[in-house]
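**Q** One letter stands for each residue in the lines below.
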Amino acid sequence: MATNHQQIQLQLDEKKDKQRKIFKIVGLSVIYIVLTIWAILTFVPLIWMFISSIKDTTSITQVPPQLIPDQPTLDAYRRVFDVGGFARWFLNSVIVSTILTISNVVLASLAGYAFAKLKFPGRNTIFWILLGSMMIPGQITLIPLYILIVNTFQMADTYLALVIPTLVTTANIFLARQFMASLPSTLIDAARIDACSEPKIFWKVILPMAKPGLAVLGIFTFVANWNNFFWPFLVTSSNEMRTLQVGLTSFRYQYTADYGAMMAGAVLTAIPMFIVFLALQKYFLKGITIGAVKG
Amino acid sequence: MLASHHSSKMNKKRFTWENTVQFFKDYGWCYAFILVPVILFVLFTVYPLVMAFIYSFQKYSVLGSEWIGLDNYRSLMDSPVFWKAMKNTLIYTVATVPVNILITLFLALMIFPLNNKSQTFFKAAFYLPGVTSGITMSLIWLWIFDPTGAGLLNAVFDFLGLDSVMWLANPDTALFSLILMTYLGAHGAGILLYLAAMGGIPKSLYEAADIDSASWWSKLKNITWPLLKPTTLYLLVMGVIASFQVFEQAYVMTMGGPNLATTTVAYLIYEHAFLSFEFGLAAAESFVLGFIIIIISVIQFKFMSSDIEY
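In order, the protein sequences belong to chains A and B. Mapping to this note's numbering: the first sequence position 120 is 120, numbers consecutive. For this note's numbering, add 1000 to where a residue sits in the second sequence, where the first one is 1.
Hints in this document: simulated from the structure, not taken from any laboratory. Think of the CB as a built atom: it goes at the ideal place given N, C-alpha and C, for glycine as much as any other residue.
Have a look at the derived ranges for each label pair, beta carbon to beta carbon:
#1 A:Val30 <-> B:Leu1102: 17 to 23 Å
#2 A:Ala87 <-> B:Val1156: 33 to 39 Å
#3 A:Thr57 <-> B:Glu1066: 49 to 55 Å
#4 A:Trp203 <-> B:Tyr1206: 44 to 50 Å
#5 B:Asp1078 <-> A:Ile40: 47 to 53 Å
For lysine-lysine, the following PhoX-like pairs were computed, each having C-alpha atoms within a straight-line distance of at most 20 Å:
#6 A:Lys286 <-> A:Lys211
#7 A:Lys211 <-> A:Lys200
#8 B:Lys1025 <-> A:Lys117
#9 A:Lys282 <-> B:Lys1117
#10 A:Lys119 <-> A:Lys200
#11 A:Lys200 <-> A:Lys117
#12 B:Lys1117 <-> A:Lys286
#13 A:Lys119 <-> B:Lys1025
#14 B:Lys1203 <-> B:Lys1221
#15 A:Lys24 <-> B:Lys1117
#16 A:Lys117 <-> A:Lys204
#17 B:Lys1203 <-> B:Lys1229
#18 B:Lys1229 <-> B:Lys1219
#19 B:Lys1203 <-> B:Lys1219
#20 A:Lys24 <-> B:Lys1203
#21 A:Lys211 <-> A:Lys117
#22 A:Lys24 <-> B:Lys1219
#23 B:Lys1302 <-> B:Lys1229
#24 A:Lys282 <-> A:Lys211
#25 A:Lys200 <-> B:Lys1025
Produce the entire structure from the sequences given, and follow the hints as far as they go.
**A** Here it is, written out as structure tokens:
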């Protein structure tokens, strides 16, 4: 009787196990299907941009639209360059983003190191003031900043105006401090006992350890500035000084009907960032959690 | 060298030549490391902040501004356009931020149980669209929302047998269109934060729940959701701050129209400052906006962090 009971229990368990397995497989399949559908949906705008950019001027306005163009052409890309300035905008974006990436990495890492590892009078006060200022929305400082740069300093339409307000951002100093704080202090102390000068300690001890963090900081800064619109839009007036994002919006009004050229311009603007992302994927996927709140 | 705190304490007591020299020997490099950022901060954050405050009480003019007291603020309070912009911004924020956080959480919950390879794939897939600029996305969606049948969304509607919609050209649907595009936007960054937080939840909690044969839903409600609160709070605060400053979409896609339907506060500030050059009025608007953002952030912190323990 007892053994019989046990057997039934065993059979029940087996059945439950089997059920659980099926449940798991079904669950996982549902997960994969939903995730894939949602991923495709978020890619639809980008795919539509590519498809639209290789259509000719008549097929792009066709109703219903062709999902796969029957006569793909690079004509829209030629029109992008015909309008003049696109190559220059591209160059400007490269210059501005590169300068700002270098200056942010250098200045933020030095300051971040000082705030994280050095002790000096006023350190915490200064740091908290910087941190607190991150609460202030950009719109507030924007107008006086514009007046300062454009009217007082007379810098309108120069590279200097494009880069100077964000040579180092508070957010980057904070990020640098976060990962500098996690570096071991023992090596720094050892170097100090060996009477290394502070710049030498930074160069020889800190930088090699901080490289991954600084790479993340640099990459994020580059992408953010490549995509930045508002400030370059305010301080540039000539066609030659526009960055890509500013130039791209001028397409909106130059080509009210030419969506093909607009999409081709968008593709050319977005592709460098796709390449950066695909090449440096691991930094993007690991980097975001460095400076964020612990959770 | 930096450890000689003794001399610095002496320095505080008496300012002599030797003490000053010693102070610089001790701390010179520290201040050198932060010198440029601090100068930039004073010049490009502190000074503008003070000036914005001053401008907000002035009628600005290049030749000489005139003090007008609270007139800028008063005219804002009386302006139906400002309240309309405020309402639009609030609707936009309420309709985008919580929904997008839920979408992010939902996607993260589904990615979490997968194997490493699939996790990386989906993380990358959801992150990738996020490296495109707001301007690029706005141009693409402008084309997707095209009122003719050539616009992708209307083509889908035609296919489903629905009537075409004017989307951005109709005051009733314009703001909704801007909201809609955020749902299909990039949730990658938030997903990564949620996944990192989920990885930090002790497994023992789930094992204990399994012994009590708790359901999937009850585990989510009683373990996962409470322990993810700091991340949710972070995304909420950041999301609200960002959506209160939404500008690019309104500028590129609708110019604040039609009929003010997509005029946000940030767009109104831009209009007043850089189209009609009423810097004083725009400064007052920016202070009201900043004040509201800070208040909302504080409330969220108070409200959300009250029951976080761990």
